[in-house]
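Peer 1: Residue strings, one per chain:
There are 2 protein chains.
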Amino acid sequence: MAKNITPREEDYSQWYLDVIKAAELADYAPVRGCMVIRPNGYSLWEMIQKHFDEAFKDTGHVNAYFPLLIPNSFLEKEADHVEGFAPECAVVTHAGGEELEEPLVVRPTSETVIGHMYSKWVQSWRDLPILINQWCNVMRWEKRSRLFLRTSEFLWQEGHTAHATKEEAMEETLKMLGVYRKIMEEVLALPVITGEKSEGERFPGADNTYTCEAMMTDKKALQAGTSHFLGQNFAKAFDITFQSKEGTLEYAWTTSWGVSTRLIGAIIMTHSDNDGLIVPPNVAPVKAVILPLGAEEAKVTELYEPKAQELAATLNDILGKRSVKVDTNYHMRPADRFFYHLQRGVPLRIELGEKEYSKESVRLVRRDTGERFDVSWDRAPEVVKETLEAIQANLYKRAKDFRESNTHFVESFDEFKKVLAEKGGFIKAYFAGSKEDERAIKEETMATVRCFPLDEEHARGKCFYTGKEGARLAIFAKAY
Amino acid sequence: MAKNITPREEDYSQWYLDVIKAAELADYAPVRGCMVIRPNGYSLWEMIQKHFDEAFKDTGHVNAYFPLLIPNSFLEKEADHVEGFAPECAVVTHAGGEELEEPLVVRPTSETVIGHMYSKWVQSWRDLPILINQWCNVMRWEKRSRLFLRTSEFLWQEGHTAHATKEEAMEETLKMLGVYRKIMEEVLALPVITGEKSEGERFPGADNTYTCEAMMTDKKALQAGTSHFLGQNFAKAFDITFQSKEGTLEYAWTTSWGVSTRLIGAIIMTHSDNDGLIVPPNVAPVKAVILPLGAEEAKVTELYEPKAQELAATLNDILGKRSVKVDTNYHMRPADRFFYHLQRGVPLRIELGEKEYSKESVRLVRRDTGERFDVSWDRAPEVVKETLEAIQANLYKRAKDFRESNTHFVESFDEFKKVLAEKGGFIKAYFAGSKEDERAIKEETMATVRCFPLDEEHARGKCFYTGKEGARLAIFAKAY
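So the sequence lines, in the order shown, correspond to chains A and B.
Going by full-length UniProt numbering, the residue at position 463 of the first sequence is 463; the numbering climbs one at a time, nothing skipped.
Going by full-length UniProt numbering, the residue at position 413 of the second sequence is 413; the numbering climbs one at a time, nothing skipped.
Misleading hints may appear alongside valid ones.
No distinction is drawn between identical chains; accordingly, a pair holds when it is met within one copy or between any pair of copies.
[Said to hold, decoys possible] Below, in silico cross-link-like pairs of lysine-lysine (DSS-like), each with a Cα-Cα straight-line distance of 27 Å or less: (1) Lys143 x Lys321; (2) Lys57 x Lys307; (3) Lys385 x Lys321; (4) Lys120 x Lys21; (5) Lys355 x Lys478; (6) Lys321 x Lys182; (7) Lys50 x Lys182; (8) Lys57 x Lys321.
Source of the hints: derived by calculation from the structure; they are not laboratory data.
Make a model of the complete structure from these sequences and hints.
Peer 2: Next up, the structure:
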């Protein structure tokens, strides 16, 4: 077990921070609540971006960039929106040596300024739909921060679309939720439950919010991404109108959807162990590392290392540029070199020492299971590829099994409280309560409605809390 | 000639803005001095990013992310730096509903906060070099803004490296200048002169600044990118020290280097014409567009369009995903469809009408020269590729010829003023003047020292201004 990592059974929060520190993913910034994303963390974010960005483009979206600073008056145009975000805003009051006439807020999200621009760009039904995404930084002031999960500044993408009809906007909202789910499951190996948020958990200004909810290894829920059907709320606040085919003037229907650097927190808390980080191969910047090893320096540098470089070149052709590295830190002891990559979550270690070299083989060591086996040089590329696929599949399955074995169905509030206290995890229950009921449940149990799962959207039963019949199935949990 | 674009001979500034508007590259943000980068402009930035980012990684750099907000006190730690940047800063004074104890500036550049982090990360010579780059937004408050060239907020990359020796840091400074030049010339088709900045034009806090200077079609200079040798100034201000191999405690040597969305302005003002934008194929998000054309709708949609889609698929395999599009805007007149792509700078138009279809050919029309010719379907992929290469080469040659024919050597200040007034352009002259001389020349002529070109760094002669012998060769020009 790693000495620099607190066991997660002992202190989950400390374990999380220790994993980040050992893997050099992030550090604290000098400004309270802000973080520095170090190269190992940022390369993970680049991989996440690459996959989402490609999927956005495949579904017809284009990227743009809107300004960081938003006039305070914009926020106030949508009543729920300003109530939700104003308390968290950082405010620029001076610039260029002078006091500004109107304070500017650092964007906490960009519905308002984008709505303003769309009202300029949209005249006719031919200008719709607008399918724009933005990758940027946003700021929501936090008193109590936690690296990746809750920081005053974070990186994210925010998609903002405008449509001619309600149906089309709703279709977009659910389509992007599906895109999120697919990438979270297939690339990040995060099993998620997609569903509709309850009234109490909606985005400020949305008619409906849909979410991807994941279970962390402490059995708490993490909201991994959201997609909002904004109805005509922002179109009305910012006057996004268009002339329809029939010649009438109509308000547009808008959506927004986002995922953030929080996903790095989700990866850490879904896959990692007491030795440190584990990264699923499909999102790992470095998928495998090859280590020439041995006591005789001449053999290591003149024989094993060239062979390792040759193998790395072959693997990089198959797996993608820079995805396989050769470790030449010969000044470190072999055990320290192993540990270095183990703590950084590299999915596969490939050892090439004297014994392997003499047999024209390498030794593969899986990060997820610790399993090790030899493979000949000529079969290595194929086996490495297959092994990475097996690791990816195993991480997903392990996480999904964990979630399923920690999801419990309850029929009464007493049972709810008992299961939550004794077992934790996700609680499934029919629920027809109000926003006030949600608040009461949260106050008593700390658990919130995570969502009404779409996979079971037609299930109906008796509400565990109010006793009403015909209630929808909900998932409750304590959440990040 | 385009009705929506002012001829550049008539009003160059208005021409520039009209080109941007017609191509939908950018728009004004509601906050004064800020811009919105629209999808057509942002996709150009993504192409620019892709090429630079790949080159940074090929030279061993990694990306990271540092915080947007910097404590005001950090800026004050480097005397020249604060003097240069403080007057341009936007300042956050309130956050989370409270007044902050210390005001925070929105980063105008990140030497200070990165210096602070490096001092935490660097202990031993083994921790060096640090080769980090950051892609982000920065803010420098502008009273008078101009889209892409001078806006209060812009996007850029800033590389920040730390080294154990002076030589290594200087090598890095010049290496990145070379990387910049190569991509500007080979991808953006911008011929640039690389050279050292004069004392009066250095980055605040740098020992030396190196630059890439390009000539726009109004003969003014545009600084396209800079690379700074920061000496030990920031290492001393932020205490970046390390234990050397020999066991002594040393200050690190640092560099920084950046290019920004200003490059989009450079592309516009180097290649475009009175019809609108022209984008060099290597940086064009859309390299070619195929237009099915004809009076008989059935033939267009059932015969020409499927053939166009087939050809686009073949071309996208060769040229890159999404780089060739099919235009199906049949509700527009053919001339309007042509003009649409012309104004957006698409390098190559491919027409497929009845005549072409019957001959199993397509018609290619070059954006740069207007040249048009037919090519058979089977030869089209090869010829399109070659034609794009020819356009790229032609745009570069045209710009380089223009710069060369507008560069003049002078030997006296009278000649300097005469040439500048009558011909404009770049003025080459031996110069050994002081910072005060630079200021006097600027006041009288509006021209500044752009750089001492590296390609002619050993040339020496008599200073045109002071008469001193042994002066270095300099380039002067009016500049953006």
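Peer 1: Work down the list of hints and note, for each, if the structure agrees.
Peer 2: Status of each hint after checking the structure:
In the homo-oligomer, the alpha carbons of Lys143 and Lys321 never lie at most 27 Å apart, since the shortest distance is 41 Å inside one protomer and 45 Å across protomers. Taking the shortest Cα distances, Lys57 and Lys307 sit within 27 Å of each other only across copies (23 Å), while inside one copy they are farther apart (40 Å). Taking CA atoms no more than 27 Å apart as the test, Lys385 paired with Lys321 passes in both settings, with 14 Å inside one copy and 25 Å between copies. When the C-alpha separation of Lys120 and Lys21 is checked against a cutoff of 27 Å, the pair qualifies only between copies, where the shortest distance is 13 Å, while the shortest distance within a copy is 47 Å.
Proximity of Lys355 and Lys478 under a CA criterion of 27 Å is satisfied in neither setting, with 51 Å inside one chain copy and 68 Å between copies. Taking the closest pair of Cα atoms, Lys321 and Lys182 come within 27 Å of each other both inside a single copy (24 Å) and across two copies (21 Å). In this homomeric assembly, Lys50 and Lys182 come within 27 Å of each other (Cα to Cα) both inside a single copy, at 14 Å, and across copies, at 25 Å. With identical chains, the CA atoms of Lys57 and Lys321 are at most 27 Å apart both within one copy (22 Å) and between copies (10 Å).
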